[in-house]
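Undergrad: Now for the letters of each chain:
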Amino acid sequence: MSITVRDLVHVYHPGTPLETKALNGVEFEAEKGKWVAVVGHTGSGKSTLAQHLNGLLLPSSGSVSIDGITIGPGEKSLRAVRQKVGLVFQYPEQQLFEETVFQEVAFGPKNWGFTPEEIKNEVEKSLAQVGIGPELFGANPFRLSGGQKRRVAIASVLSSRPDYLVLDEPTAGLDSSGKKQLLSLLVDLKSLGKGIVHVTHDMDLALGLADMVFVLDDGKSLLWGPPELILWELLERDIRGLVIPPLVRFAGRLRDLGFEVPLTWDPIRLAEAISGSRRK
Amino acid sequence: MKFLNNMTLGQYVPVDSQIHSLDPRSKIIATIVCLTGVFLVREPYGFLSWGLFFVLIVSVSRLPGSLIISSSRPVWILIAFTSVIHLFFTKGVPVFSWGILEITREGLDMAVRMGLRLLMLVLFAGFLTLTTSPTELADGLESLFSPLKRFGFPAHELAMMMTIALRFIPTLLNETERIMKAQIARGADLDRGGPLRRLRAFIPVLVPLFVIVFQRADDLATAMEARNYTGGEGRTRMYPLRWSVTDSGVLMLTLLFAIAVSLLEKRLMP
Chain A
1 MSITVRDLVH
11 VYHPGTPLET
21 KALNGVEFEA
31 EKGKWVAVVG
41 HTGSGKSTLA
51 QHLNGLLLPS
61 SGSVSIDGIT
71 IGPGEKSLRA
81 VRQKVGLVFQ
91 YPEQQLFEET
101 VFQEVAFGPK
111 NWGFTPEEIK
121 NEVEKSLAQV
131 GIGPELFGAN
141 PFRLSGGQKR
151 RVAIASVLSS
161 RPDYLVLDEP
171 TAGLDSSGKK
181 QLLSLLVDLK
191 SLGKGIVHVT
201 HDMDLALGLA
211 DMVFVLDDGK
221 SLLWGPPELI
231 LWELLERDIR
241 GLVIPPLVRF
251 AGRLRDLGFE
261 VPLTWDPIRL
271 AEAISGSRRK
Chain B
1 MKFLNNMTLG
11 QYVPVDSQIH
21 SLDPRSKIIA
31 TIVCLTGVFL
41 VREPYGFLSW
51 GLFFVLIVSV
61 SRLPGSLIIS
71 SSRPVWILIA
81 FTSVIHLFFT
91 KGVPVFSWGI
101 LEITREGLDM
111 AVRMGLRLLM
121 LVLFAGFLTL
131 TTSPTELADG
141 LESLFSPLKR
151 FGFPAHELAM
161 MMTIALRFIP
171 TLLNETERIM
181 KAQIARGADL
191 DRGGPLRRLR
201 AFIPVLVPLF
211 VIVFQRADDL
221 ATAMEARNYT
231 GGEGRTRMYP
241 LRWSVTDSGV
251 LMLTLLFAIA
261 VSLLEKRLMP
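Read top to bottom, the protein sequences are chains A and B. Numbering-wise (the working numbering), the first sequence opens with residue 1 and increments by one. Numbering-wise (the working numbering), the second sequence opens with residue 1 and increments by one.
Don't read these hints as lab results, they were simulated from the structure. Every residue gets a Cβ at the ideal spot worked out from N, C-alpha and C, and that includes glycine. There could be a bad hint or two in this list.
As the list claims (entries may be wrong) - Simulated DEER-style distance windows between Cβ atoms: (1) A:E272 with B:E225: 19 to 29 Å; (2) B:N174 with A:T70: 49 to 59 Å; (3) B:I77 with A:W232: 29 to 39 Å; (4) B:D189 with A:S2: 38 to 48 Å; (5) A:E118 with B:I77: 56 to 66 Å; (6) A:S145 with B:F214: 14 to 24 Å; (7) B:S248 with A:E27: 35 to 45 Å; (8) B:L158 with A:T70: 48 to 58 Å; (9) B:L56 with A:K21: 41 to 51 Å; (10) A:L58 with B:L148: 30 to 40 Å; (11) B:E225 with A:T42: 47 to 57 Å; (12) B:D191 with A:R253: 17 to 27 Å; (13) B:N174 with A:L222: 49 to 59 Å; (14) A:P267 with B:F214: 53 to 63 Å.
Claimed, not checked - Listed below are several chain A residues computed to face chain B (Cβ distance under 10 Å; list not exhaustive): (15) S65; (16) S77; (17) V85; (18) P92; (19) E98; (20) F107; (21) K120; (22) F142; (23) L144; (24) S145; (25) V157; (26) D163; (27) V243.
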């Protein structure tokens, strides 16, 4: 069971002077219970790829399939796929429109035709997952704080019971505690068996949390592999738009200077390695 | 689901051509001349001449013909509708009747004429905005209206509002598209059912859009104030408009053409 993208090409505004090839032969995969980070420079096609994963954009050529359902122009496959793959846009709090938090989160399940009990269950479960207590269920979503709005918006996607969650820069504009909360929510969701596709340009996050990292460059697949492998590549060559996390640079420099430390983004592991190598 | 990222009517397409580099004022006046000219002609010769004139200026502008056609597509329905109304509701000598519907010779005549006239209006007006950037257009209008400032006419303020409004159209289209996609991803069904259902289905798009629009307007006002914008008084230009000989020439030729077509048409037709 997975999201499989094969030789995906997407052209915006075909046949006009504004024609641009946003994706060019992209190969990509995401599995349930796994966290995939999609990284790349601004304009590399990350968001375009994300919107293909639940059929908001249709391939100009190539194919996208979710758990065996190939996305095509037919309404039926699209609806099935859109419920399986929840998409959280950048600044999702801007989509809020209902009068209460409860209704906002119930919007998705209602659209998918859940029964009233199912709706109630899903709404309460999703809001609990994002840490919004019952005292806020009746509140006006526009009066919540920024972080709360974001969490309500994410709950409103979770309540449709998706198997996969595609998030486009979900931590943008959050303070550090909001960021931490959100990321730990995603870790929990992953352990519940949901597939996470995390579009970001924050290498620290991508390396630290993902099982696999996918690097896009100018609409083409550039790298695909576990974080360790991506790290080595990053040190070897400059990749447009990607910054080596300071700690990795630090570890890399230590290694150059002859210290036996692992190349890591984890401060604790590095500290332990350093103290260990001194004691020797 | 079709989104809004198609070319919109008369969206500026920057191309390096002689028409694009004309002074916006000459283009605005010439367009007014053309529009008036189109309304003065009544006979096939007149329409044909204006049609050829349009083909000529399009070829000078180096814009692809397909683009012109596709950008006028949104108004085809309106034109067809107007023609049909004229076709059935003009009284005169009947040529065809079916039940209560009756087509008259005069109706046929009016339908074709109004259809062509509207089409040409849209094409000429669209051509102006296709070849002139919104900022240039606003600058041109401000300069054309500036003599009225003496009578308290807010030429600068109107031009500024127009620039901002035009500047925000693509931004708002993008925002609308983004919100639409976000709601569709949550299972919203935006394009099914009757008009009333569709209207209701659009509430999830309209509410967030309004919130964003007000926020943007507020941000923009603050940003302008922070940079000491106080209106047109004492404001200078980065690129002052420059009227060249070519502009005078183009305007003269258009004017002569319009007069010639209107006069000759009367002469050719008894």
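Undergrad: Take the hints in turn and mark each one as holding or not.
TA: Results of checking the hints against the structure:
1. A:E272 with B:E225: 19 to 29 Å: Check failed, 54 Å falls outside 19 to 29 Å.
2. B:N174 with A:T70: 49 to 59 Å: Taking Cβ atoms as reference, N174 of chain B and T70 of chain A lie about 29 Å apart, which means the hint is violated.
3. B:I77 with A:W232: 29 to 39 Å: violated (59 Å)
4. B:D189 with A:S2: 38 to 48 Å: violated (28 Å)
5. A:E118 with B:I77: 56 to 66 Å: violated (43 Å)
6. A:S145 with B:F214: 14 to 24 Å: holds (19 Å)
7. B:S248 with A:E27: 35 to 45 Å: violated (60 Å)
8. B:L158 with A:T70: 48 to 58 Å: holds (53 Å)
9. B:L56 with A:K21: 41 to 51 Å: Because 34 Å falls outside the window, the suggested range is violated.
10. A:L58 with B:L148: 30 to 40 Å: For L58 of chain A and L148 of chain B the Cβ distance comes to about 51 Å; the hint is violated.
11. B:E225 with A:T42: 47 to 57 Å: violated (30 Å)
12. B:D191 with A:R253: 17 to 27 Å: violated (57 Å)
13. B:N174 with A:L222: 49 to 59 Å: Roughly 27 Å apart at Cβ, these two residues miss the hinted range, so it is violated.
14. A:P267 with B:F214: 53 to 63 Å: Check failed, 44 Å falls outside 53 to 63 Å.
15. S65: Since chain B brings no Cβ nearer than about 18 Å to S65 of chain A, farther than 10 Å, the hint is violated.
16. S77: For S77 of chain A, the interface hint is violated, since the closest Cβ of chain B sits about 13 Å away, which is over 10 Å.
17. V85: holds (8 Å)
18. P92: Constraint on P92 of chain A satisfied, holds at 7 Å.
19. E98: Because about 8 Å separates E98 of chain A from the closest Cβ in chain B, which is inside the 10 Å limit, the hint holds.
20. F107: holds (6 Å)
21. K120: Violated: closest Cβ of chain B sits about 17 Å from K120 of chain A, beyond 10 Å.
22. F142: Check passed: Cβ of F142 of chain A comes within 7 Å of chain B, closer than 10 Å.
23. L144: violated (13 Å)
24. S145: Violated - the Cβ of S145 of chain A stays beyond 10 Å from chain B, reaching only about 16 Å at its closest.
25. V157: holds (7 Å)
26. D163: violated (14 Å)
27. V243: violated (27 Å)
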